[in-house]
Amino acid sequence: MSIDMSQFHQVFFEECFEGLEAMESGLLTLDMGDIDSEIINTIFRGAHSIKGGSGTFGFTVVAEYTHIMETLLDEMRDGRRKVTQPAVDVLLGSVDCLREMLTAIQNEQDVNNASVAKHKAALEVVLNGGSVTAEAVSPVEQELTSEVVAAVNVVSDVVEEKSVELEEQGWKIAFCPYLDLLKTGNDPVRLFRELNELGELTTVANIQDVPAFYELDPEECNISWDLKVMGDISDGEIREIFNWVEGDCEMEIQPLVKAVKPVPVTKKMDPEPVAVATSNNFSPKPVEVKSKVVTETKKAEPQDSDNDASKTTAKASSIRVDTDKIDTLINMVGEVVITQSMLGLVGENFSMDKVGQLKRGLAQLERHTRDLQQSVMNIRMLPISFVFSRFPRLVHDISSKLDKKIALKLVGENTEVDKAVVELINDPLVHLIRNSLDHGIEMPADRVAAGKPETGTIELKAYHRGGHIVIEIIDDGRGLDKDKLLSKAIEKGLIEENNLLTEKQIFELIFMPGFSTAEQLTDISGRGVGMDVVRRNIQSLGGNIEIISELGKGTTIAIHLPLTLAILDGQSVAVGDETYIVPLVSIIESINITERMLNKVAGKGETFRLRNEYLPVIRMRSIFNVHSGNPTKSKEGVLVVVEGQGELCCLLVDELLGQQQVVIKSLEANYRRVEGVSGATILGDGSVALILDVPGLVRFSIR
Amino acid sequence: MAQEAENKDIDQYHYSKNLDNAVQYLSFALGKEEYGVDILRVQEIRSWEPVSRIPNVPCYEKGVVNLRGSIVPILDLRERFNLSKAEYTPLTVVVVLQTGDSNKTRIMGVVVDSVSDVINVDKTEIQNAPDFGAKVSNEFINGLVSVNERMVMLLDVDKLLKLEALDQDES
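Protein chains in written order, with my numbering: chain A, 9 to 711; chain V, 180 to 350.
Warning: the hint list may mix true and false statements.
Calculated lysine-lysine pairs in the DSS-like style (CA-CA distance at most 30 angstroms, straight line) [stated by the list, open to error]:
#1 V:302 - A:673
#2 V:302 - V:338
#3 V:302 - A:492
#4 V:283 - A:673
#5 A:427 - V:283
#6 A:236 - A:90
What the hints contain is simulated information worked out from the structure, not anything from laboratory work. Quick caveat: nothing in here was measured; it's all calculated off a predicted structure.
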C-alpha cells in the first residue's frame, strides 16, 4: 500500500475549512430560546467529518480534539444537554482553535499545543460540568459552568487538565444496539472486552426482547445491555470504544457519581475559584470572570484573521467548480468541434453554391465561441457568500465587545462575481463593516433615546446591475454629520475654509488620507488610515465607491465593481488612424457635434454645454498627439460624455466605430504603464488597440 | 605561424565543445554598423508589421504589436541610437528579445535593418568599448569584437530594454 495520502491533503483542508465555516455560522445562528435541531445537526456533521478526515490522514491532534467537540454536540443533539450561551462560546472558541490547528498543519508548522490544551480543557469542563446542569439548567448553574470554564482557562496546564478527566469514578452506559449491529461486523463482546481494560466492568443483559427460539434470526442482535464501568475513565475514552457502532445503536452514557461532580472538577483548581463557585453564585465576581472568558475568546480573533489571510493565499491556487458548469463547458466544446468539422467539409470542395452553407457555419461558430467564452468566464465566478459568510462572526464578536446590539442581514449572497474580485474585496469590506459597527451604530441607550429600535441593523446586500456587481453596506446608525466633517477637514487643512462643497463632495472627504471623525481611537477603527486605502483598492479593481448618508437615519455605502477583471464591454472610437477602446460603463452618452458648439475658456480650455452644464472637453487628438488621418475631420467629431471618479467630462474623438467585448491584456507585462491607458486588447484583425483609463485621462488632461 | 595554428586549434575546441568561453551572438546591421546580441536572448526573428502607436512616449518606442496573444512593445534601434531614420520595408526585421531576471521576464522587439549572421565569439577576445566621453553613449555596449576584419558591437540586452531607466534619464 503506497498511496500517497498527501495528494488528498489539499482537498481535506478545503473541506475542513468549509466545515468549520458551516459550524461557525451554525453556532452563530443558534437561538438560545428556540433551538433548531437542524442547526445542531449541521454543526455536528461538520465536526464529525473533520474528525473522520483527520483520523484518516493521521492528524491525531485534530481528531482527538474534534472528538470532544463531537461528544458535546452529540449530547446537545440528543437533547440530553441544554444549549447554553457559555457552551456555544466555548464551541466558537474551539472552532477558532481547530482552524488554527489545521492552518498550522497545512503550512507544516507546529501546532500551538498550549492553546489547544487550553481550549480542550475548556471543552471538557463544559462537557463534564454540563452533564450536571443538563438535568435542570438554572441560571445559577449556568453561571457555575462558565465559572468553571474560566477557572480552566486560567489553568492552562495540561497535567492539571488531565487530573480533571481522572475525577470520574465510573460510568453507567445504556447500550442498546439496533437489530443489524452484527451485520455491520461489530461484535459487542469485543467492545465489552475493551471496556473491561479501562476499568472494572459489570454487564447486565436485557433479554426481554429476544424472540422465541424458532423466531430467532442469528444475525440479529436482540439484546441490550446496562453496563457499569468503574475507574478513572474519561467520557472520551468510553466514546472512543463505541465510536464504530455510533450509528448502529442507541447509547446513553452517564457518570455514576453525579452529585459529587462539580466539586471534583473544581477541586483541582486554585482554591479561590472553588470558593467562588460554591459559595456565592450571585456575587459580582463570577460575572467578572465570565466576561474574562469572552475576552479570551475574542483575543484569538486577530490571530484568526491572520490565518484567514494565509488561508486565502494558500487557497488561491485551486477553485471548486460546480460540475454543472463543467458539463455545459464540455457540451459547448463538443458543439465547437462539430461546427469546425462541418466547416472543414465545406472548405474541402468549395464552390460558390456553398457560400450559404459557409455563412451559416460561421454564424454557428460565432455563437458557439461566444457561449464558450461565457461559460469559461462562468467557471471563475463564485457566489459572493464566500466573502459574506465571514461577517456574521465579525459582527457577533465586535458587537459584544462594544456592548452594542447589532443584527446583520445578508441579502443576495448568491450573486456571482469573478474569483479575483472575491479575493480582493474582502479586506475593504471588513474595513467598512468595522466602521459601521464602531461609528455607525450607536449604543443601545442612545438608540432608544433617538426613538430607534434598540438593536441596530447592518444590511449587506449584493446584486447585479448592468455588468456590475453592487455591494451595499447599509446601517441604520447615526449617519454622517456633514458639519462635523467640514469643520474637521478645515481643521486638518484638507480644504479651504470658504469652499462651498456639495453634499456628495463632503461625504467624499472621508476618503481623504489622514481623515478620521472618530472622537476617540478604538482598536477597531478610527486611526484615519483606511478609507483612502479602501477607495484605492476598489478603484484598482476598476470599481468605485459611493456614500449616501442622512444624519440620524443611517449610512449607505455602495461599492460598484466590474463582474470580471478579464473582459470588458468597450466602445471602439477612431482618433485619426488609430483605434481606442472606451469602457462602456464609463460612457454616459455620445453626441455628434461641430467645432462651433465648443466654447473656449481662457483661449485654451474648451467646454461643452450639455443640458445647462458646462463640461470640460478633452481632445483626444491633442492629448495623444495624433497627427495621422484627416485633421479637417475633427471639425466635426463625436463627443463621448464619460464619467470618471464622479466627474463628467467629454472626450472629442473622430468617430464611433462599434461596441464589442474585449479581452483585457496587460501592457505592463512586457512594457510599462502608460498614462491615460489602462490596458490593451487585440482586435478582430489582430492589431492592438489601447483601452482608455477614463479617470486617469481626466487627471492627465488637467496637468 | 605556430601561434596562429594554436589559436585555430583553441577556436575549434571552443566551437565543438562550446565551453564557457565561447559565446554565440546574433549579429545584425543598422546602416553600416554591425551589432550583436547574445543569441540566448533572442526569442524569434520576424518581419516588420505595422504597430499600434502608444501616445506620449519617446519616438524610438514605436508601439506595440500582438505576438500570439501577448502585447509586445517594439523599439527602433536606429532611433534609439540616433542614427538616420530608414524607411520600413517588408525586408525590415524585428528581433524579439527576452530580458529581465528570474522573477519577471519581458519580451520586446527591436527593429533592425537586417540580420547578418550567428557569430562565435571567444569571451577573451571581447574588448572593452573605448570611452568616447559624452559625445557618444556607449552605455548599452558590452564590448567590441572583430569578425572577419569587421567590428561588431555587442549589446547589453538588459540595459537596452530597461525602459524605466530610460524614463528617468529623460526627466
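Tested hints:
no.: 1; hint: V:302 - A:673; verdict: violated (40 angstroms)
no.: 2; hint: V:302 - V:338; verdict: holds (19 angstroms)
no.: 3; hint: V:302 - A:492; verdict: violated (72 angstroms)
no.: 4; hint: V:283 - A:673; verdict: holds (17 angstroms)
no.: 5; hint: A:427 - V:283; verdict: holds (24 angstroms)
no.: 6; hint: A:236 - A:90; verdict: holds (25 angstroms)
Violated hints for the displayed structure, listed by number in ascending order: 1 and 3.
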